[in-house]
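The primary structure of each chain is shown beneath.
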Amino acid sequence: MPEHLPQVLECGIRDVVFGAGVRVVQPVNLYGCRIEDSCFIGPFVEIQKDVRIGARTRVQSHSFICELVSIGDDCFIGHGVMFINDTFATGGVSGGRKDLWRCTSVGNRVSIGSNATILPVEICDDAIIGAGAVVTRPITVPGRYAGNPARMLR
Amino acid sequence: MPEHLPQVLECGIRDVVFGAGVRVVQPVNLYGCRIEDSCFIGPFVEIQKDVRIGARTRVQSHSFICELVSIGDDCFIGHGVMFINDTFATGGVSGGRKDLWRCTSVGNRVSIGSNATILPVEICDDAIIGAGAVVTRPITVPGRYAGNPARMLR
Amino acid sequence: MPEHLPQVLECGIRDVVFGAGVRVVQPVNLYGCRIEDSCFIGPFVEIQKDVRIGARTRVQSHSFICELVSIGDDCFIGHGVMFINDTFATGGVSGGRKDLWRCTSVGNRVSIGSNATILPVEICDDAIIGAGAVVTRPITVPGRYAGNPARMLR
Numbered sequence: 701m702p703e704h705l706p707q708v709l710e711c712g713i714r715d716v717v718f719g720a721g722v723r724v725v726q727p728v729n730l731y732g733c734r735i736e737d738s739c740f741i742g743p744f745v746e747i748q749k750d751v752r753i754g755a756r757t758r759v760q761s762h763s764f765i766c767e768l769v770s771i772g773d774d775c776f777i778g779h780g781v782m783f784i785n786d787t788f789a790t791g792g793v794s795g796g797r798k799d800l801w802r803c804t805s806v807g808n809r810v811s812i813g814s815n816a817t818i819l820p821v822e823i824c825d826d827a828i829i830g831a832g833a834v835v836t837r838p839i840t841v842p843g844r845y846a847g848n849p850a851r852m853l854r
Numbered sequence: 701m702p703e704h705l706p707q708v709l710e711c712g713i714r715d716v717v718f719g720a721g722v723r724v725v726q727p728v729n730l731y732g733c734r735i736e737d738s739c740f741i742g743p744f745v746e747i748q749k750d751v752r753i754g755a756r757t758r759v760q761s762h763s764f765i766c767e768l769v770s771i772g773d774d775c776f777i778g779h780g781v782m783f784i785n786d787t788f789a790t791g792g793v794s795g796g797r798k799d800l801w802r803c804t805s806v807g808n809r810v811s812i813g814s815n816a817t818i819l820p821v822e823i824c825d826d827a828i829i830g831a832g833a834v835v836t837r838p839i840t841v842p843g844r845y846a847g848n849p850a851r852m853l854r
Numbered sequence: 701m702p703e704h705l706p707q708v709l710e711c712g713i714r715d716v717v718f719g720a721g722v723r724v725v726q727p728v729n730l731y732g733c734r735i736e737d738s739c740f741i742g743p744f745v746e747i748q749k750d751v752r753i754g755a756r757t758r759v760q761s762h763s764f765i766c767e768l769v770s771i772g773d774d775c776f777i778g779h780g781v782m783f784i785n786d787t788f789a790t791g792g793v794s795g796g797r798k799d800l801w802r803c804t805s806v807g808n809r810v811s812i813g814s815n816a817t818i819l820p821v822e823i824c825d826d827a828i829i830g831a832g833a834v835v836t837r838p839i840t841v842p843g844r845y846a847g848n849p850a851r852m853l854r
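Residue numbers (our numbering), protein chains in the order written: chain R, 701 to 854; chain E, 701 to 854; chain F, 701 to 854.
In case anyone wonders, no lab produced these hints; they're calculated from the structure.
In this list, chains with the same sequence are indistinguishable; a pair is considered to hold if it fits within one copy or across any two.
Below, computed lysine to any residue pairings styled on SDA-like, alpha-carbon distance capped at 25 Å:
{"id": "1", "residue 1": "Lys749", "residue 2": "Pro702"}
{"id": "2", "residue 1": "Lys798", "residue 2": "Arg809"}
{"id": "3", "residue 1": "Lys749", "residue 2": "Pro838"}
{"id": "4", "residue 1": "Lys798", "residue 2": "Ser738"}
{"id": "5", "residue 1": "Lys798", "residue 2": "Asp774"}
{"id": "6", "residue 1": "Lys749", "residue 2": "Leu709"}
{"id": "7", "residue 1": "Lys749", "residue 2": "Tyr731"}
{"id": "8", "residue 1": "Lys798", "residue 2": "Asp825"}
{"id": "9", "residue 1": "Lys798", "residue 2": "Arg758"}
{"id": "10", "residue 1": "Lys749", "residue 2": "Ser738"}
{"id": "11", "residue 1": "Lys749", "residue 2": "Leu705"}
{"id": "12", "residue 1": "Lys798", "residue 2": "Gly721"}
{"id": "13", "residue 1": "Lys798", "residue 2": "Gly843"}
{"id": "14", "residue 1": "Lys749", "residue 2": "Glu703"}
{"id": "15", "residue 1": "Lys798", "residue 2": "Tyr731"}
{"id": "16", "residue 1": "Lys798", "residue 2": "Phe740"}
{"id": "17", "residue 1": "Lys749", "residue 2": "Cys803"}
{"id": "18", "residue 1": "Lys749", "residue 2": "Gln726"}
{"id": "19", "residue 1": "Lys798", "residue 2": "Gly732"}
{"id": "20", "residue 1": "Lys749", "residue 2": "Gly721"}
{"id": "21", "residue 1": "Lys749", "residue 2": "Met701"}
Note that this is a predicted model, so its numbers are computed, not measured.
All chains should be built: construct the whole structure from the sequences, respecting the hints.
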């Protein structure tokens, strides 16, 4: 294989609409998204285009929020939380076929524990997702959910 | 929503007490913690205030160690390991109410595999936590633990 | 404990062989590895020495690929995916004893979901690993695998 130089891009903050009183800890990779009043975004976070983060929501370090995700107000997104829009529905990664991607909608006052994984579903207001949970189905009833796959506790 | 500029902070190393022979790979976010002799701290790591990391312990890339965690000597903290102090005990994130947070104490010679999630518990000396495990209960007997929730193997 | 200054290293790109048309988003920590034509490497990624990443493979943000891993062509490695070479086989971390580490071989056209954890196994061509899965055994039959430990679905 002949050797080449890679194209090296830098992460940063591009084309983001911020509300009042937002705090961000660099390095982050935020682009094309909307981050409303009084949010906190920790270091080593990536948020992709068209994402909306509601007012007073905290996104902690190491989390990744992909295109087609909307998060409500007063939420807590723990550390290392990963959102997903491509479920490999057709037998592998969808690549450029965004028509195969699916949406995630997180309500208000939702708490998501660290290292949780969120497949593209709706999560209702006031839900609590435990640390390390893998959410594979819509959550329509407030309560505590944990495990892989995540189930309601008690 | 009127547009504003965010307050942009930079991660770094602030108010950390280091022992002899510590190596750190930037970027990291380390503040107010104590890192003892001959530790290694990999890139993309965050360690919060009042944490103690014992001598010769290695904290690998992408890990997050929160306030109220103490780690002993000669431990291995894998990549992407997340510690937790807020169990959402009162029905959601505790926010500023630190009286609701709980402690984690990790003994000596403990190995924690990558992508493990550690709820606030005690982990005894010489325990082995498998990669991807979610530790939800105290570990009082040395041995190998894995799964979500983590259980002793065999 | 007397206070010392740590040795502070910087992550970056060192001794990497790149094919044509590779794109990398900094910050990353890539060293001693081989990244073939048209790969994409997202931010906050670490790839260690002697790793091979095949042509057109995408390694998304926050992933960690350790020594002794080889990944084929046209793969998708999601966000926060962690590979492992040390299974703590002798009762704890192997430290410098690399003779105790084991290899991971990922075939071609493999899709690995975000936050998955991959123990040192072989994964065959065309396998699909779900988000949050913990792969503990070799995958020899193409299909969809999920859970902790990962099992074939249906």
